[in-house]
Structure formats: C-alpha cells, structure tokens
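Add chain B to chain A, keeping to what the hints say.
2 protein chains.
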Amino acid sequence: MTALDASIAARLKRDDHGLVAAVAQQYDTGEVLMVGWMDDAALHQTLTTGRVTYFSRSRQELWRKGDTSGHVQRVVGVRLDCDGDAVLIAVDQTGAACHTGDRSCFDADVLLARDQG
Amino acid sequence: MTALDASIAARLKRDDHGLVAAVAQQYDTGEVLMVGWMDDAALHQTLTTGRVTYFSRSRQELWRKGDTSGHVQRVVGVRLDCDGDAVLIAVDQTGAACHTGDRSCFDADVLLARDQG
Numbered sequence: 001m002t003a004l005d006a007s008i009a010a011r012l013k014r015d016d017h018g019l020v021a022a023v024a025q026q027y028d029t030g031e032v033l034m035v036g037w038m039d040d041a042a043l044h045q046t047l048t049t050g051r052v053t054y055f056s057r058s059r060q061e062l063w064r065k066g067d068t069s070g071h072v073q074r075v076v077g078v079r080l081d082c083d084g085d086a087v088l089i090a091v092d093q094t095g096a097a098c099h100t101g102d103r104s105c106f107d108a109d110v111l112l113a114r115d116q117g
Numbered sequence: 118m119t120a121l122d123a124s125i126a127a128r129l130k131r132d133d134h135g136l137v138a139a140v141a142q143q144y145d146t147g148e149v150l151m152v153g154w155m156d157d158a159a160l161h162q163t164l165t166t167g168r169v170t171y172f173s174r175s176r177q178e179l180w181r182k183g184d185t186s187g188h189v190q191r192v193v194g195v196r197l198d199c200d201g202d203a204v205l206i207a208v209d210q211t212g213a214a215c216h217t218g219d220r221s222c223f224d225a226d227v228l229l230a231r232d233q234g
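Protein chains in written order, with my numbering: chain A, 1 to 117; chain B, 118 to 234.
None of these hints come from the bench; they were simulated from the model. One should not assume that every hint holds.
What the hints assert, rightly or not - Which bits of chain A does chain B cover? Going by a derived footprint, with three or more residues having C-beta under 8 Å, they are: (1) 15-21; (2) 62-70; (3) 77-88; (4) 91-104.
Only a predicted model underlies this, so the values are computations on that prediction, with no experimental measurement involved. Note that CB positions come from ideal geometry on N, CA and C, so glycine has one too.
So that you can see chain A by itself, here it is in the shape it has in the complex (with noise of 0.2 Å):
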C-alpha cells in the first residue's frame, strides 16, 4: 500500500491519537449518515479504492465501511475543511449507514426539534 499523497497529509491536522473527523453525506439527498475517524492510511485508502474506509477507535484498525454488514460506502467526492481537522465524504450509501439498522447514525436520538413555523 503506497502512502497518502506528502501534499494532502501537510495540510491534516490530526488529534493526539492520529486522526481527522470524517462526516459521510449522501451524495444526491444530502443526509448526514454518519460521523466517524480516519488516520492517513484509511484516507488514503478512501482516495484511492473508491470505498470509504474509517479506522475504528474501540478496535484500533482500519474498518473498510461494509465489508461485515454489506452497507458498503461508495465514495463519490472528498473534501477537505479549512482548518484540516475534517473531511466530508459524499457517498452512495448502501442499505444503512448505522449498525443499529437505522439509515442514518443520528436517526434516533433527537434532543431538540424547534418549530419552523
């Protein structure tokens, strides 16, 4: 596996453990799915494979999104936020995005909902 590109990996700025946020949306709806972690490798891999591939903090290794559920994550485009702690990845997201079943990682636990009236 080659290294992520000297260029993009200067301007990340990582957490102490190595890692940038990485928020899923899909690509043609617009719904937040998912927010999880990557290191440079699993960047990388997300640039290069056309899979989105986190790494997972409970088990410390890189999680390639579906490989065990079939909820594959299609990479669709990704960018890079102005202060380089973030990445936005626009997916085609198979099935469901949360391992509860639900489509979306903030699907059930709303703690506030204000009246657009």
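Relative to the frame of chain A, chain B by itself:
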C-alpha cells in the same frame, strides 16, 4: 448558567479533552457548513439559547458563532449519534460559515470528485 441535562450528559462519549464533534448543516439545503467541537457547556448553550456555541480548541474557550463576524448560526435542531461522540446541528446560517468568507468550510479544498455519469 445551569448544567447540561444529566440524561444527555450520560449519553456523551467525549474525547480526551472532553469534546464531541459537532457537524453544522444548513437545515433547508442540506449543505454541510462546518465541523466544530463542543464540551458540555457548549452543547448546553446550543440546546437552550437558540445560537450554536462551540468550544474553540485553539483558544480553549466557548465560542458563540457569529459574535465577532455576525455570521450567526440559529439552531433549528440537534441530534446525537448512536455512539454519543458526535452531534448534528441543523442550523440557519447567516452569511458565510467559514472564516475565509466561503459559505462552507468544505468549499475550498476538493481532494476527490468522481464523475457520476
């Protein structure tokens, strides 16, 4: 200032610095505007004041978005993800979300864009 609701605080999985990731999304267009960070106090203010408040990692203090720039984020909704380490904030953004003047902090640095044809 009163504290974050105990039942919400109990569901948060904070990082080593006591923070969770906060994704701000324009409520009507679905555009992801920025990723910031929140401690318990920032989340409490976001839930109770109608204005998105982050914790600034660089300044190590609460940062109510728009107080300096005028680029206020009005809170429309707040959701917590399945593992408690990220919140999704539906906002109504005044002006640019990014300090560079871009609408979104993800506008400027495109790492990958695939043809959807």
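Can you take a look at whether the segment 15-21 of chain A is actually covered by chain B? Rule is 3+ residues, C-beta closer than 8 Å. holds (count 3)
How does the coverage statement for the segment 62-70 of chain A fare against chain B, requiring three or more residues with Cβ below 8 Å from a Cβ of that chain? Contact hint for the segment 62-70 of chain A vs chain B: violated, 0 residues under 8 Å.
Verify the coverage statement for the segment 77-88 of chain A against chain B, using a C-beta to C-beta distance below 8 Å and requiring 3 or more qualifying residues. holds (count 11)
When I compare C-beta atoms, does the segment 91-104 of chain A have three or more residues closer than 8 Å to chain B? Held - the segment 91-104 of chain A has 4 residues with a Cβ nearer than 8 Å to chain B, which meets the minimum of three.
Checked against the numbered hints above, the structure breaks only hint 2 and satisfies the rest.
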